[in-house]
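Undergrad: Start counting at 1 in the sequence shown, then tack on 261, and there's your number in this note's numbering.
Everything hinted at is true.
Simulated crosslink set (DSS-like; lysine-lysine; CA at most 25 angstroms straight-line): (1) K368 to K268; (2) K298 to K325; (3) K394 to K368; (4) K416 to K289; (5) K364 to K354; (6) K340 to K394; (7) K298 to K288; (8) K276 to K367; (9) K276 to K343; (10) K325 to K367; (11) K383 to K268; (12) K416 to K340; (13) K325 to K416; (14) K269 to K367; (15) K268 to K364; (16) K416 to K383; (17) K354 to K368; (18) K416 to K343; (19) K340 to K411; (20) K269 to K343; (21) K337 to K383; (22) K394 to K337; (23) K368 to K289.
Here are the simulated distance ranges between beta carbons: (24) K368 to D322: 17 to 25 angstroms; (25) E387 to K340: 23 to 31 angstroms; (26) Q301 to K337: 31 to 39 angstroms; (27) E331 to K276: 32 to 40 angstroms; (28) D361 to G313: 14 to 22 angstroms; (29) Y362 to D275: 20 to 28 angstroms; (30) P293 to K368: 15 to 23 angstroms; (31) E278 to G418: 15 to 23 angstroms; (32) L408 to K276: 34 to 42 angstroms.
No wet-lab data here; the hints were simulated from the structure.
The beta-carbon is built from N, C-alpha and C at its ideal position, and this holds for glycine as well.
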Amino acid sequence: MNLENFKKHIRILDKEEATRYRRLYIKKYVDPYTHAKYYQERIEQLHTFSDGLCYEGYLWDFLKSETYIEETQLEKYRKFLKQVLVFWDNNSKDRIFIKDYWKFGKKDMIELDFNLLLNHLKLFPEDIYITNKTLRWTIVLTHEENLPGKRLIIKDGTI
262 MNLENFKKHI RILDKEEATR YRRLYIKKYV DPYTHAKYYQ ERIEQLHTFS
312 DGLCYEGYLW DFLKSETYIE ETQLEKYRKF LKQVLVFWDN NSKDRIFIKD
362 YWKFGKKDMI ELDFNLLLNH LKLFPEDIYI TNKTLRWTIV LTHEENLPGK
412 RLIIKDGTI
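Make the full structure from the sequences, and use the hints.
TA: Below, the structure written as structure tokens:
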């Protein structure tokens, strides 16, 4: 499915709603205190780039708690996860050297079916944060590998 057709099957939250969910997510899952100096430098402090103000880190570096899961677990979640919210870090295109990396706005948050998301991960940044409107759980897909060829996937909360 091409991007334009894909967009017909998703909802991009309005700026206010996306900002509210992002703040709630950060409050629930991100620890800005344990490594406060690093958090301030990498997340809170915005830097000027050609595409605007961005931070230079990854929220997943500051998760309060985490469990690492295998990609096979994502396949099991397909059976019961329905509508999810997905967003990504506010990083600059100046620091990412993948052509056509940003298909959506850097501060967008998208609501879509979990299976649709998994089937079209190539349309999203490598590092994404997945949750639902209850914020009882999160799954984080990262660009890192925990073993060669095995994507680092983090889970928190009860799914």
